[in-house]
Amino acid sequence: MADLSARCGPLALRNPFLLASGIWGESGESLAGAWAAGAGGVVTKSIGSAPRFGYANPTIETYERWGMLNAMGLPNPGIDEYPKEIEIARRAGATVIGSIFGGDADEFARLGARMASTGVVALELNLSCPHAEGFGTEVGSDPKDVEAIVRRVVESSRLPVIAKLTPNTSDPVALALAAERGGASAVSAINTVRGLAIDVRLRRPVLAHGLGGLSGAAIKPVGLACVWQIYEKVSIPVIGVGGIMTADDALEYVMAGARAVEVGTAVAFEGIAVFGRLVRELGERLDALGFSELEDAVGVAHSAPSASSG
Amino acid sequence: MADLSARCGPLALRNPFLLASGIWGESGESLAGAWAAGAGGVVTKSIGSAPRFGYANPTIETYERWGMLNAMGLPNPGIDEYPKEIEIARRAGATVIGSIFGGDADEFARLGARMASTGVVALELNLSCPHAEGFGTEVGSDPKDVEAIVRRVVESSRLPVIAKLTPNTSDPVALALAAERGGASAVSAINTVRGLAIDVRLRRPVLAHGLGGLSGAAIKPVGLACVWQIYEKVSIPVIGVGGIMTADDALEYVMAGARAVEVGTAVAFEGIAVFGRLVRELGERLDALGFSELEDAVGVAHSAPSASSG
Amino acid sequence: MRSVVPVTERVEETPTTVTLRFDYAAAAAPGQFVMIWVPGDDELPMSLSYTEGRSKGVTVKEMGSTSRNMQSIRPGTLVGIRGPYGNTFSLDPGRMLIVGGGSGAAVLAPAAEAVIARGAKVTVALGATRAPELLFRDRFRRMGARVEVSTDDGSEGYHGFVTHVADRLLGSEPFDAVWTCGPEVMMRKVVDSGSRHGVPVHCSVERHMKCALGMCDACALGPYHVCVDGPVFPAERLTPLGEFGGFHRDSSGRRVGP
Amino acid sequence: MRSVVPVTERVEETPTTVTLRFDYAAAAAPGQFVMIWVPGDDELPMSLSYTEGRSKGVTVKEMGSTSRNMQSIRPGTLVGIRGPYGNTFSLDPGRMLIVGGGSGAAVLAPAAEAVIARGAKVTVALGATRAPELLFRDRFRRMGARVEVSTDDGSEGYHGFVTHVADRLLGSEPFDAVWTCGPEVMMRKVVDSGSRHGVPVHCSVERHMKCALGMCDACALGPYHVCVDGPVFPAERLTPLGEFGGFHRDSSGRRVGP
Ligand SMILES: Cc1cc2nc3c(=O)[nH]c(=O)nc-3n(C[C@H](O)[C@H](O)[C@H](O)COP(=O)(O)OP(=O)(O)OC[C@H]3O[C@@H](n4cnc5c(N)ncnc54)[C@H](O)[C@@H]3O)c2cc1C
Ligand SMILES: Cc1cc2nc3c(=O)[nH]c(=O)nc-3n(C[C@H](O)[C@H](O)[C@H](O)COP(=O)(O)OP(=O)(O)OC[C@H]3O[C@@H](n4cnc5c(N)ncnc54)[C@H](O)[C@@H]3O)c2cc1C
Ligand SMILES: Cc1cc2nc3c(=O)[nH]c(=O)nc-3n(C[C@H](O)[C@H](O)[C@H](O)COP(=O)(O)O)c2cc1C
Ligand SMILES: Cc1cc2nc3c(=O)[nH]c(=O)nc-3n(C[C@H](O)[C@H](O)[C@H](O)COP(=O)(O)O)c2cc1C
Ligand code: FES
Ligand code: FES
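Chains as they are written, first to last, in the working numbering: chain A, 1 to 310; chain B, 1 to 310; chain C, 1 to 258; chain D, 1 to 258.
The set of hints was computed from the structure by calculation and includes no laboratory data. These figures come from a predicted structure and were not determined experimentally. A hint or two may mislead.
Once the Cα atoms are required to be at most 25 Å apart in a straight line, the calculated SDA-like pairs of lysine to any residue come out as [to be verified]:
(1) Lys233(A) <-> Arg203(B)
(2) Lys84(B) <-> Gly257(D)
(3) Lys84(B) <-> Arg255(D)
(4) Lys84(A) <-> Lys144(A)
(5) Lys233(B) <-> Val121(A)
(6) Lys233(B) <-> Asp142(A)
(7) Lys84(A) <-> Leu241(C)
(8) Lys84(A) <-> Gly242(C)
(9) Lys144(A) <-> Ala174(B)
(10) Lys84(A) <-> Arg21(C)
(11) Lys144(B) <-> Arg203(B)
(12) Lys61(C) <-> Ser117(A)
(13) Lys144(A) <-> Arg110(A)
Turn these sequences into a full structure, and let the hints steer you where they fit.
Dropping the structure here:
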């Protein structure tokens with residue numbers, strides 16, 4: 001069977017399927033459970049300086065099986081409490097990537113240093129949560145901020161840094177280039193797409209916070225476009241995120257240029273067993289398509305030939 | 001039955017459902033057909049200075065019934081040829097809005113003047129096509145450009161100008177405010193969301209152009225978020241576009257702040273009869289929800305009460 | 001995915017619990033819960049206290065401001081409902097002991113009804129602080145269960161904890177299974193009695209819930225997610241976990257004391 | 001929405017037409033077309049020349065570079081297929097006259113097969129520039145149709161246009177219906193003959209196509225969209241339109257001469 005191991009800059013993963021941040025990410029047992037289910041690595045919930053309760057419910061709206069809107073509001077136990085969860089996951093053998101979010105470069109740097117001391121293999125910077133005011137898009141949509149934050153975290157943590165980018169931008173490439181200049185080892189794209197749902201009988205937004213973030217199959221084309229554009233201009237590896245439900249979805253990302261992928265919403269629709277299925281199906285699919293290694297498929301869609309003129 | 005007439009700034013529409021630009025928009029007979037099917041008005045295909053053939057096929061990819069990706073490449077017969085199509089639609093009694101696109105404010109101004117002389121009731125500026133290089137997002141994602149283009153077209157055409165905004169931005173409100181400053185009578189939001197699809201067996205993008213624009217149900221949350229945010233900060237009316245398939249979808253937009261809506265992709269899934277159904281169902285729905293006029297529903301979701309504490 | 005339905009009926013069951021009925025066609029089974037949303041306020045998980053037919057119901061205990069708001073809902077008011085979620089009690093008929101403390105009876109009543117309909121012989125140990133708080137006492141009787149009452153203040157039945165009644169019953173009569181729902185310290189004691197007397201116990205547990213889809217991790221309980229793996233667990237799964245009757249997680253995911 | 005399938009068979013039908021067969025399970029009926037994509041090149045509408053069973057087929061005439069590329073496809077090559085799209089010939093059996101010019105026979109052959117299977121009596125007027133270009137002559141014969149051949153150069157059958165043959169047949173024998181496909185000037189003449197002799201005519205027409213979903217307006221033909229309202233039209237719908245045998249639209253939507 002095809003070799004599924006993924007090299008993503010300094011990261012060596014047993015397979016390309018990472019648990020996306022915010023899914024099964026608050027408890028160490030859950031992170032360990034995702035690893036046991038077959039994930040190639042797990043990204044923690046995004047952790048901030050202090051505990052945050054997040055927004056009131058409703059925090060979730062679903063659209064059949066093709067989409068989900070959420071505004072959790074970055075609930076997290078805070079960086080003082082969270083290391084014990086990471087410890088549980090690490091004891092279970094999991095490859096853990098620590099996700100952090102902050103309001104400015106200083107806060108990111110402090111969090112990065114703390115997170116780096118927990119034994120995670122890399123940091124992912126959530127530069128992109130579209131619905132938490134004062135966080136996320138505000139800092140993550142300006143290339144200058146992105147560069148400064150990444151640089152400070154790289155300095156403070158000395159771990160590989162993955163910059164997670166927002167799709168809510170006119171120019172994802174500019175953000176990725178900024179991350180690269182700042183010293184990021186990789187970028188991940190995308191976080192959720194800004195969205196809203198209204199209940200017409202109740203005459204109000206469905207989510208307590210109003211605005212939320214769209215995830216799931218609906219955003220796969222958006223994530224693919226970002227990865228595609230970034231791959232053409234940026235040298236550091238790209239991690240694809242958004243709407244991956246099948247091995248073919250993941251392969252689309254790989255062929256668009258991703259060296260690894262993250263899976264989130266699929267867990268809600270299928271359970272954590274989705275990781276085992278994805279790993280199995282990707283192996284079969286690569287075999288059927290004649291790839292002996294996942295590596296060989298990275299970015300191939302950028303060099304597709306045109307039909308020879310007869 | 002509830003009064004469905006829509007007032008959208010200077011525009012008076014018999015109902016709020018406009019045919020979106022790029023759908024049934026190349027031939028006068030088609031525009032007339034959409035009007036006959038019940039549309040409250042029709043927006044033409046975006047017309048440029050010269051004929052454009054658009055991109056090669058494949059120009060379309062569909063996702064079950066929840067989404068569509070297209071990269072037509074703004075095919076259009078050019079402003080010299082197109083007025084005869086408008087004439088056909090006008091003779092059929094249709095309320096026609098003329099859509100134009102250009103590379104800079106000068107070109108927009110020239111096109112606006114020409115389009116204004118065809119008897120359209122308003123102009124819609126396509127500031128947002130995400131996949132035509134040198135057009136659309138490039139000019140439409142910078143508030144300065146948007147303001148300058150709108151101002152020049154308002155001056156050159158003396159018709160109500162609707163600025164059609166891109167969702168591919170970190171800040172839709174800034175774009176809408178720019179349009180307002182430039183003198184726009186309304187903004188419409190949204191155009192398609194940048195997207196891509198890859199065929200893993202063929203190892204290449206599905207669309208000949210590569211990148212395309214996502215439309216249909218998948219982008220309704222994105223359009224709603226834009227309209228919601230714009231309505232909170234901008235005084236000129238907003239026209240909602242994106243993923244409207246049912247009367248309830250339209251009502252979501254109205255409650256988010258839209259005074260009219262545009263319908264595009266639904267025509268591909270249901271045919272032009274969708275307009276008759278939407279009009280009928282919206283009337284029934286407003287009656288059931290206790291609105292005697294559509295007007296009364298505009299923006300109501302912004303003032304939803306919180307539950308009285310018991 | 002979410003239905004918005006009017007509340008059709010409001011019943012004050014006890015001084016601190018109110019049942020709300022509403023039409024909701026989705027199939028449900030005893031043990032399952034819905035996410036119920038009072039527009040303008042929070043959305044909360046509530047077990048279905050009526051699972052059969054179109055007219056479902058939840059029975060709400062006054063806790064904080066949201067449950068208080070929910071209790072004050074009048075018929076005709078619209079609420080948001082999604083679900084039902086979670087697993088169910090397995091309804092193998094036999095000699096059942098049902099141990100309910102406080103609002104725990106809400107989820108146990110439809111389960112008792114269903115298992116009696118399949119021929120089970122049901123004894124209910126029903127506890128409350130005081131007599132007027134005995135939830136669904138008459139409903140349990142009407143369905144043909146034997147009801148053994150206890151109150152903390154002795155105002156009706158046994159004067160003391162329902163766990164004592166349960167322990168005594170388990171020691172003196174043969175049972176095939178025990179179901180319990182109530183505070184975790186209480187359920188822990190019932191589990192201890194069950195294991196001492198060799199009778200398997202199932203507990204319906206609560207954790208903070210947000211998505212109810214097994215995704216957000218809010219309801220993590222050891223390796224489980226209460227929203228999809230529960231809320232009903234066999235005791236053997238719970239006792240190894242420090243968290244059962246020990247810490248739980250607050251809305252930030254922080255571990256907080258029992 | 002799009003299938004990617006290998007071409008299973010390639011048949012050189014005439015010096016300028018090639019049939020490509022491929023497995024495509026979707027149900028199809030005679031008259032319908034697919035959008036077929038040669039990866040790396042354009043995607044084109046092509047009528048199905050084989051509609052029954054899994055193994056479908058298209059028959060491609062050499063026109064420009066894309067059709068040339070399509071013709072050169074070898075078995076095993078992957079192509080993209082979506083559809084089938086459009087309407088179908090109505091297969092009421094009767095005395096049918098089928099008039100095919102050039103590659104028009106591609107769509108008429110499966111229609112003839114299907115209507116013969118329902119008991120129709122079919123005469124085919126088949127025209128080409130010269131004998132080797134007579135597409136599906138043997139196929140029509142094998143299915144039991146009477147075939148009247150014409151060639152522009154007289155190398156086989158009637159020396160002259162197929163429209164003359166059709167007109168003669170319509171004047172001398174009773175027919176219940178006429179189907180035709182070919183260049184629009186040709187079809188216009190067939191429509192004239194039909195109306196002169198009081199026989200209803202159906203035409204399969206072509207327009208530039210992009211979406212094939214009745215949305216982009218590329219294939220607008222008067223009030224119709226060929227991709228969803230056609231490609232088969234009763235002549236009465238076409239004759240009032242200046243566009244039939246008159247202008248069509250190029251890929252920009254511009255009206256261009258016939
Ligand atoms: C599966 C399940 C079934 C339940 N069934 C019932 C029932 O049938 N009847 C009943 O009265 N209650 C039930 N509850 C408890 C109910 O959901 C609330 O916890 C309780 O009503 C407190 O509400 P409050 O917000 O008014 O109190 P608050 O004063 O705001 O909080 C009191 C406690 O409730 C908890 N709480 C608040 N929000 C949630 C939430 N989203 N999920 C879980 N706990 C929360 C808090 O953590 C706190 O410990 C159930 C809970 C779960 C998880
Ligand atoms: C419903 C329908 C059924 C058809 N069935 C067949 C068939 O069975 N066999 C067959 O050989 N041809 C068929 N055609 C015609 C075919 O689609 C092409 O028009 C033809 O092959 C020219 O291809 P080209 O690009 O090689 O030529 P070019 O030299 O590029 O163009 C020649 C002509 O083809 C037209 N053309 C190019 N692209 C398209 C397009 N996307 N849609 C329509 N016309 C286009 C151009 O407008 C031009 O007039 C059909 C067309 C339609 C609309
Ligand atoms: C419920 C939920 C919570 C999320 N929380 C976070 C988070 O804390 N940090 C983060 O970077 N992304 C978060 N995300 C975004 C996901 O990691 C992912 O980028 C996005 O959902 C797209 O992937 P998907 O379509 O596979 O879910 C969250 C997504 C969901 C659905
Ligand atoms: C095939 C197609 C062509 C389009 N062409 C244009 C165009 O020329 N000008 C424009 O402003 N928008 C164009 N759009 C965008 C639509 O007008 C609309 O903004 C978008 O599709 C979202 O609405 P919908 O989900 O209802 O389709 C096009 C959309 C599609 C699907
Ligand atoms: S409530 Fe989100 S995982 Fe259970
Ligand atoms: S091909 Fe697009 S409308 Fe017919």
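Outcome of the hint check:
1. Lys233(A) <-> Arg203(B): Given that 25 Å is the threshold and the Cα spacing comes to 20 Å, the pair holds.
2. Lys84(B) <-> Gly257(D): Distance of about 16 Å is within 25 Å: holds.
3. Lys84(B) <-> Arg255(D): Holds, because 10 Å separates the two Cα atoms, which is no more than 25 Å.
4. Lys84(A) <-> Lys144(A): violated, 34 Å
5. Lys233(B) <-> Val121(A): violated, 44 Å
6. Lys233(B) <-> Asp142(A): Between Lys233(B) and Asp142(A) the Cα gap is close to 21 Å, so the pair holds against 25 Å.
7. Lys84(A) <-> Leu241(C): Between Lys84(A) and Leu241(C) the Cα gap is close to 16 Å, so the pair holds against 25 Å.
8. Lys84(A) <-> Gly242(C): Given pair Lys84(A), Gly242(C) holds - Cα atoms ~15 Å apart, limit 25 Å.
9. Lys144(A) <-> Ala174(B): Holds, at roughly 19 Å.
10. Lys84(A) <-> Arg21(C): Outside the cut-off at roughly 43 Å; violated.
11. Lys144(B) <-> Arg203(B): Roughly 40 Å between the alpha carbons, so the hint for Lys144(B) and Arg203(B) is violated.
12. Lys61(C) <-> Ser117(A): Not satisfied, since the Cα-Cα distance of roughly 44 Å exceeds 25 Å.
13. Lys144(A) <-> Arg110(A): holds, 19 Å
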